[in-house]
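Visitor: The working numbering applies: residue 1 is where the sequence shown begins, and numbers increase by one.
These are calculated hints, taken from the structure and not from any lab test.
Relax, there's no trap hidden among the hints.
With beta-carbon atoms standing in for the labels, derived distance ranges:
1. Pro6 <-> Arg29: 18 to 28 Å
2. Tyr41 <-> Gly11: 17 to 27 Å
3. Gly50 <-> Pro6: 34 to 44 Å
Bear in mind the structure is a predicted one, so any value in this text is a computation, not a measurement.
Think of the CB as a built atom: it goes at the ideal place given N, C-alpha and C, for glycine as much as any other residue.
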Amino acid sequence: MPEKSPRPPDGLPTYRVLTGPDDAAFCHRVSEALALGYELYGSPALTHDGERVIVAQALIWPTVRTG
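Generate coordinates for the entire structure from the input sequences, incorporating the hints supplied.
Guide: Dropping the structure here:
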């Protein structure tokens, strides 16, 4: 398995929080970040804005944990 780059690609930050409605588009955004090499950081947070469920998921680049 290739070693992870010490930094995320394309100048992305090492720590990210994705937010949005709890729908397929949000799930795809999280899946894309995981495919890039990010790891989930903590549990998702959920709230309700009166009309829909809003979710937040933190992600971290793995070298942050070991570096």
